[in-house]
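Just need the whole structure built from these sequences, with the hints factored in.
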Amino acid sequence: MKYIFYYLIFPGFLFSAVIGLLAGWIDRKVTARLQWRIGPPWHQNFTDIIKLLGKETIIPEGARFTFLFSPYLGLISAVLVTTYLGRSMISPLESFSGDLIVFFYLLAIPALALIIGASASRNPLASVGASREMKLVLAYELPFILAIVAVIIRSNGVIQLGQIIRQQLFFGSNIFSFSGFLGFLVALFCIQAKLGIGLFDIAEADQEIMCGTLIEYSGLPLAIFKLTKAIMFYTLPLFIIVLFLGRDLTPVFLIAKYLMLLGIVILIKNTNPRLRIDQALKFFWRVPTLLGVIAVILALFGL
Amino acid sequence: MSHKIIVPIGPYHPLQEEPEYFQLYVEGERVVDIDIIIGYNHRGIEKLSEAKHFDQVPFLVERICGICSSSHPYTYCLAVENILGGEANIVPEKALYIRTIIDELQRIHSHLLWLGLTGHFIGYNTVWMWAWKYREPVLDCFEMVTGNRNNYAMFKVGGVRRDLKDEDIPVLKKMLDELSPGIDLFRGAIMDDPVIKMRLKGVGLLTRKQALDWCVVGPTARASGVNIDVRRDEPYGVADRLDWKVILEKDGDIFCKTIVRILELYESISIIRQSLNKMPKSGSIDAGVKDIPAGEGIGRVEAPRGECFHYIKTDGTNRPIRHKIRSPSFMNVASDKVSAVGGTISDATLTLAAVDPCYCCTERVAVINKSDKRKVMNGWDLIKLSQEKTLKLKEGYDGRPE
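Protein chains in written order, with my numbering: chain A, 1 to 303; chain B, 1001 to 1402.
Hint data in this document are derived by calculation from the structure and do not stem from the laboratory. Among the hints, erroneous ones may be present.
[Claimed, not checked] Footprint (simulated), chain A over chain B, 3 or more residues, beta carbon under 8 Å:
#1 1012 to 1022
#2 1026 to 1037
#3 1115 to 1127
#4 1134 to 1142
#5 1175 to 1187
Every residue gets a Cβ at the ideal spot worked out from N, C-alpha and C, and that includes glycine.
Below you can see the structure in the form of structure tokens.
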């Protein structure tokens, strides 16, 4: 019963969805102000989701059952990772050894769900989008692992979120070391690619392939994808904060750190055009991967 | 591993403001071939024009395109004035200046619009919104001078319809002064941004030879190093009395097309400033043309997208008996066939937009058979079809009481 509450209400589905949608509104509002527009009211994202729930779900002819199944897959794993992240922050002792590996897998599933759903929809644009998403996953996962590995090494090799938080409580945030800072930079790029915004809005590229992976989705499944994205918009920055800025996780500092990270992401998004997929691939395999390797080496030397 | 799929761009697509259909044949992400299918928006303007008298036609051709809505009426007026003895000989001095000012203002707003859209297409929405923000005062000036933001209704055979009032001139000058820093900002933001360079440099290449082969016009040609500009080659308005230069770039990629258009904005601002200073304070703005003699005339205007061409044939009545329009996009869009092939889908979509296509100018009728053989019909074919139909109708009515 307790776990169901954790999963569905706090810190799981309901809480993260509300925060994520609000963060999405901050994104839209700041973007609008930067572009000399007024921007939507605070409840716009909620209204969008509710409206989508009331719309007809159109299933393309010949679509496989995975078409309707994959949105739920993405949502379930996103909520799971959020719940566990939230619980680890509230009571670090509850976490189990090796949980970061589970984290890593669960964080990859929303992207996989997108690929599966898009491939099942039998739309040529969706298949282009799916192939782009796949390449993007290949591009960002390696540097992301390297950044996490750097943190693990800094925490004396414990693969446990609670321990990493406790470690930073005693020895200061990871970001204030060379390896931690490099790892933070790498992770910052990786979460943008995972969220698919700004430079890496490649798989959805609405002017090129008309929202690619999502093109055939409508109604409830689309709303679920949007919710998954909103939850990831809350979870991924939080994950970065826990790994790299985990010294003081009291609510006031946490919110300040989250807003700061959000601000950086929004600014990068609004001052850069979208990359081409081959450019994104080259970028990730050259710059962040290299930085990640350097971070790991530095961490091994204790810097 | 060649698995060819068709990626449809259109008929309705966020890339395009108008219905148009590009079939990209794609292997993986690479575009190997492209089919351009036009004709979704055909309105039969040339035919309609033959049913209007000379004073009504400018209003009609203005509506060919909302963005270059002074180029078409201007070209039409030039064509009719060609029959009468040339623009310079009949149009009053002040009207020439007003025509040039309106034409260049239109170029500014059109280029800014394109700049914004290009930003949008590479996913850089900030550029989009900022470009359109700077475009807004230009449209306000249009509204102030002509009464409309688009479709200005300024041109008539033998002059212009509205005078440029003295109190409007300082407002126009102030708008231009405020616009210049904005364009500086874009020049800096686009020429120096490494990510934009990554996206635009070397993309959608159109070499000089290809540009000549595909007869592209306007900024698309000038970015490939083809030195053409109707304003210089066959001056109209007061273009030959002012000091300005034709912007040329060599490489022919989208980056060059952007640079050409941004630098042309400066030239247009300069042209308008000079015109405002040199314009006579008073004087007639309309020659009061009454009759158009029989004859043929052509008009050429450098529209924002390139050379716009109109041909008029008259027989002494109050209507043109033939009105032929060739708009710049019709030439430019075809060049996508070479420039968009070979790149990725991201590049191809950008290339399609880089010629600043104005689809409603481009529309021609295509008849599609069941066997999928297309035939482009010319005006005579349409007339024959119409006559056949009339004959059929007459046969049907035979024997019935009138």
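Structure-based check of all given hints:
1. 1012 to 1022: holds (count 3)
2. 1026 to 1037: Our answer is that it holds, as 3 residues pass the Cβ test (under 8 Å) against chain A, meeting three.
3. 1115 to 1127: It holds: at least three residues are needed, and the stretch 1115 to 1127 of chain B offers 9 whose Cβ sits within less than 8 Å of chain A.
4. 1134 to 1142: violated (count 0)
5. 1175 to 1187: violated (count 0)
In the structure shown, a violation is registered for the earlier hints numbered 4, 5, in ascending order.
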